[in-house]
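K.L.:
Going down the list, the sequences are from chains F and L.
Per this note's numbering, the very first residue in the first sequence carries number 1; after that it's consecutive.
Per this note's numbering, the very first residue in the second sequence carries number 1; after that it's consecutive.
Treat the hints with care, as some may be off.
To be verified - Reference listing, derived: stretches of chain L covered by chain F, where coverage requires no fewer than 3 residues with Cβ under 8 Å from a Cβ of chain F: (1) 69-82; (2) 94-107.
What the hints assert, rightly or not - Using C-beta positions, here's what the derived DEER-type ranges look like: (3) L/Met-15 <-> F/Asn-68: 28 to 36 Å; (4) L/Arg-41 <-> F/Gly-62: 26 to 34 Å; (5) L/Glu-14 <-> F/Ala-1: 20 to 28 Å; (6) L/Met-15 <-> F/Gly-29: 42 to 50 Å; (7) L/Met-39 <-> F/Asn-12: 16 to 24 Å; (8) L/Ser-58 <-> F/Ala-14: 39 to 47 Å; (9) L/Thr-38 <-> F/Ser-3: 15 to 23 Å; (10) L/Pro-54 <-> F/Pro-112: 46 to 54 Å; (11) F/Ala-14 <-> L/Asn-71: 31 to 39 Å.
Worth flagging that the hints you see were computed from the coordinates, not collected in a lab.
No residue lacks a Cβ here, since even glycine has one placed at the ideal position from N, Cα and C.
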Amino acid sequence: AQSVAQPEDQVNVAEGNPLTVKCTYSVSGNPYLFWYVQYPNRGLQFLLKYITGDNLVKGSYGFEAEFNKSQTSFHLKKPSALVSDSALYFCAVGGGADGLTFGKGTHLIIQP
Amino acid sequence: DAGVIQSPRHEVTEMGQEVTLRCKPISGHNSLFWYRQTMMRGLELLIYFNNNVPIDDSGMPEDRFSAKMPNASFSTLKIQPSEPRDSAVYFCASSLLGRDQPQHFGDGTRLSIL
Numbered sequence: 001a002q003s004v005a006q007p008e009d010q011v012n013v014a015e016g017n018p019l020t021v022k023c024t025y026s027v028s029g030n031p032y033l034f035w036y037v038q039y040p041n042r043g044l045q046f047l048l049k050y051i052t053g054d055n056l057v058k059g060s061y062g063f064e065a066e067f068n069k070s071q072t073s074f075h076l077k078k079p080s081a082l083v084s085d086s087a088l089y090f091c092a093v094g095g096g097a098d099g100l101t102f103g104k105g106t107h108l109i110i111q112p
Numbered sequence: 001d002a003g004v005i006q007s008p009r010h011e012v013t014e015m016g017q018e019v020t021l022r023c024k025p026i027s028g029h030n031s032l033f034w035y036r037q038t039m040m041r042g043l044e045l046l047i048y049f050n051n052n053v054p055i056d057d058s059g060m061p062e063d064r065f066s067a068k069m070p071n072a073s074f075s076t077l078k079i080q081p082s083e084p085r086d087s088a089v090y091f092c093a094s095s096l097l098g099r100d101q102p103q104h105f106g107d108g109t110r111l112s113i114l
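Use the sequences and the hints to build the structure in full.
P.N.:
The following block contains the structure:
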């Protein structure tokens, strides 16, 4: 069965600093990896995905993610955090026999 | 372009009552998903449809839950009878066919069973 782990319940970053939200995955076969963001009282919004090709994927709102096959990781990054980036972030993995599997989510808090 | 539309946005009802949640997917999308989100259990996939056909309902908690997709533009999730432990936010999402396709979520229905 496929799975995804987000080891941090919460990440605190000062505005203007770089941010990283961690994600590791397990799936048989080639993974399809996604990041979503959820703002309060809203549904999840798609940020970016990795299917194949370049290990560095660029997405919406200045976010990017780095696929590392040897470490089975897909960490979300942004060079300079904004207060408006504060939200709940979900990593998801697909490509196995199951559908899309979501992580538990990481609360990102950007402090002014 | 309209996104996924869910109704109602909020529902408060007493236990034992029937609850029906509605979803209109994005036009042209062939896959539809129902999720439930709670603080304790996070985001759980309940059921998904491809081309209006239920593919995997293994996440449906019990027989009190049922879902239908009578056509490509409408789906319902029904709980009968409802129980307080069903209180959660229920999301509908749609996508094009294919495991590499991103899902597009509605804003959810916040359900409270008293």
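K.L.:
So, for every hint listed, does it hold in this structure?
P.N.:
Results of checking the hints against the structure:
1. 69-82: violated (count 0)
2. 94-107: holds (count 8)
3. L/Met-15 <-> F/Asn-68: 28 to 36 Å: violated (48 Å)
4. L/Arg-41 <-> F/Gly-62: 26 to 34 Å: For L/Arg-41 and F/Gly-62 the Cβ distance comes to about 31 Å; the hint holds.
5. L/Glu-14 <-> F/Ala-1: 20 to 28 Å: violated (38 Å)
6. L/Met-15 <-> F/Gly-29: 42 to 50 Å: holds (44 Å)
7. L/Met-39 <-> F/Asn-12: 16 to 24 Å: 20 Å Cβ-Cβ, so the 16 to 24 Å window holds.
8. L/Ser-58 <-> F/Ala-14: 39 to 47 Å: About 43 Å separates the Cβ atoms of L/Ser-58 and F/Ala-14, which means 39 to 47 Å holds.
9. L/Thr-38 <-> F/Ser-3: 15 to 23 Å: This hint holds: roughly 19 Å between Cβ atoms.
10. L/Pro-54 <-> F/Pro-112: 46 to 54 Å: With a Cβ separation near 47 Å, L/Pro-54 and F/Pro-112 satisfy 46 to 54 Å, so the hint holds.
11. F/Ala-14 <-> L/Asn-71: 31 to 39 Å: violated (50 Å)
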